[in-house]
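**Q** Which chain is which? The protein sequence lines are A and B, in order.
So for the first sequence, numbering that gives the first Met the number 0 puts the first residue at 0; every next one is plus one.
So for the second sequence, numbering that gives the first Met the number 0 puts the first residue at 0; every next one is plus one.
Everything labelled a hint here was simulated from the structure, so no lab data went into it.
Watch out, some of these pointers could steer you wrong.
Pairs count within a copy or across copies, as identical chains cannot be separated in the list.
Okay, derived cross-link-like pairs now, DSBU-like style, lysine-lysine, Cα gap no bigger than 35 Å in a straight line [unchecked claim]:
1. Lys287 to Lys247
2. Lys291 to Lys408
3. Lys291 to Lys247
4. Lys291 to Lys47
5. Lys94 to Lys235
6. Lys94 to Lys4
7. Lys82 to Lys325
Residues per chain, in single letters:
Protein chains: 2
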Amino acid sequence: MSILKGACLIGQSGGPSAVLNASALGCIEAALKSDNITRVYGAAHGIKGVLDDRLYDMNLEDPAELKLMMHTPASVLGTCRYKLQDFLVDDWEYKRILEVFKQYNIRYFFYNGGNDSMDTCSKISSFLSQNNYECRVIGIPKTIDNDLAHTDHCPGYGSAAKYIATSCMEIYRDAMVYDTGSITVLEIMGRNAGWLTAASAIATYKGIGPDLIYLPEIAFDMADFISDINRVYEQKGDVLVAVSEGIKDKIGTYITSYFADDTKEKDVFGHAKLGGLAANLANYTNAKIQAKVRGIEFGLIQRCAAHVASETDVNEAYMAGADAFKAAESGETDKMVAFVRGPGPEYTCHTTLVDLVEVANVEKKIPIEWINEAGNGMLQPFIDYALPLIQGESQMPIEDGLPRFAHLKKICTR
Amino acid sequence: MSILKGACLIGQSGGPSAVLNASALGCIEAALKSDNITRVYGAAHGIKGVLDDRLYDMNLEDPAELKLMMHTPASVLGTCRYKLQDFLVDDWEYKRILEVFKQYNIRYFFYNGGNDSMDTCSKISSFLSQNNYECRVIGIPKTIDNDLAHTDHCPGYGSAAKYIATSCMEIYRDAMVYDTGSITVLEIMGRNAGWLTAASAIATYKGIGPDLIYLPEIAFDMADFISDINRVYEQKGDVLVAVSEGIKDKIGTYITSYFADDTKEKDVFGHAKLGGLAANLANYTNAKIQAKVRGIEFGLIQRCAAHVASETDVNEAYMAGADAFKAAESGETDKMVAFVRGPGPEYTCHTTLVDLVEVANVEKKIPIEWINEAGNGMLQPFIDYALPLIQGESQMPIEDGLPRFAHLKKICTR
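Chain A on its own, in the form it takes in the complex (with noise of 0.2 Å):
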């Protein structure tokens, strides 16, 4: 092990989830414990703190309030969704963050967020090293997504998944009370990977969950749609459905641009904003089927759901920052924490490093063998997959009959 000595800094970036706080908890104790850190500080979302000088001292934080933060959803430091530019192409931000770092002397760099992120640090690193300033550089990952590569799950899915199925089976007993008929639309998120949709197999798998379940991952046909729809509701009387917010036809179209009177916005990664499928889907089915139909979309909730998080994420996500930390003070840089799921009928997980070059933009899709052959239903090898990481339910400190966040002081170091 090489010795660094020096000051810490964490950032968090993009979409929030129930457990990003947790990461950065376990990366924070670690690097408060530790002998070689002078000083921790947190970015004030995230890399754009870093170059707008805005750091919080987390030594100037109470250790108890602190302690909050595993089970406080969203981002306690804030994120950012801001992309770096190529440094070969303009370096200006990267000398920024390098006179920053210097400034504070900060040796050890954790981001925590997803496949975006994770492009940011590894730009950094690089930077960093090409300027021969020696600090490790680890990225934490998170998103409720589920698709970063090279690792076994991430923080943030197990939460997610768990309010999606706990939601799916309440709301299939609340839309089947009546003797009437109905069909329900879920709309759930996922932009090109169907992890999160596919989650609400799990209530199926438990009895009470959706029929129908369309994924981004296989060629979305609405004819299809409705004539399965139509089967189910002739067979059932009630019909649930989910659908991927990124459902997308043959050639690649979103099915929500189907709806769309306008161009969409897009966001700064280039990504095409979506949402109000599920209403625009319930709207066209019941023009085609004689039933009473209704949309749901599950919104924001879904990522930040922190009163029906799972424990093994929450605890997982506390891991892979206390891990991060961990392989920095050992030596490593330019890797980002990952997921190994042990061998063996009981499930267990241990942290792994994989080069951050590899995880970069990459997006992990759901096996199309876990998707049944019709294209409408998840398979065992799914329900396999991720029910042991919605398991546990996570002790939320209560106050007044409601959570009880962490308040963090939020010192700003100038």
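Please build the complex by placing chain B on the supplied structure of chain A, with the hints as guidance.
**A** What follows is chain B alone, placed relative to chain A:
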């Protein structure tokens, strides 16, 4: 106590809640234990099951499985939205009900629902007594809307309120993670009474809830709405707004109808069907204020989220069912069980009885003096009222990391 022996029938009616089954369980368990009860039946889909002679034999159910009703949302027996005709106009339905009651010797009838259901209950009670058929009829209150008169609050409200307040806290955390500013419009259920939307103020009381709250009790003005949002946006950079689906302007027009391009459908009770308001208000706001604006509709899940039910609500719902049976057994009829809040600072709640006709078709609104002068927020008396109702975390049985709901056999009597 005048002794009456015979069968007992319970029906569930109207929109489901997280605790409707807890009330049914309270009644069913008390009836199963009583020496005066020869058989306990559950009506399939409320009064429709009586008209169709579709009754389930509750004596044939596994008691352990029945017990799970305590934490099973929606309606295990099925509900209906079926309005009986006035028997002075046409009494065939009442004759049919009497016939079925005689067939099964039903001498105890319990109907679990909201104000429409209490109307049904009251009419049946009158008809039976006018036809000299001795039967004790007791209504068990239920409505997440909390709009029943002559009761401090309604079973179902506390759990929906807890879901709403919890989710508001989580969404507040989530919506504000970026430093780019945002306006989030949450649409919450409640057609004419603002109790559910007001529950979001409990999150505000805890420091992380809506900045602005609009209820149907206060005339809604689009210009004020935009100027309120603009003011908070200028001050804070992020705005969370809660609106009731039922907000109306000063001449009583539903705001949702501003955005409708065709005449809105009505339900069988003549209520206008609502929905899509959040998205429409978000679009409207976006046209007026240069900001990232998003609309979120809480939707069905707010009335069936058993996973975050209030323990107080679950226990009180059970008590309402059990006390309904006790009242009937002791000779009461033509009454609804109501809740009375005990005096003093410590919250206590017991049941009393009110005449069905007093409750039928009456809607209880939020006292105007509990709403702030600007008409966009709640005052402390509302918090004092609502906070005790969301206390305690319901301990739902879990299997495979997901709720284990009741699976009844539902064996039909014929």
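**Q** Compare the structure with each hint and give your call.
**A** The hints, checked one at a time:
1. Lys287 to Lys247: both (20 Å within a copy, 33 Å between copies)
2. Lys291 to Lys408: Only across copies: Lys291 and Lys408 sit 27 Å apart there, 50 Å inside one copy, limit 35 Å.
3. Lys291 to Lys247: Answer is both: 25 Å inside a copy and 26 Å across each meet the 35 Å cutoff.
4. Lys291 to Lys47: Between copies only: 18 Å across chains, 48 Å inside a chain, cut-off 35 Å.
5. Lys94 to Lys235: between (63 Å within a copy, 32 Å between copies)
6. Lys94 to Lys4: Result: close within a single copy only, 22 Å intra versus 88 Å inter.
7. Lys82 to Lys325: within (28 Å within a copy, 66 Å between copies)
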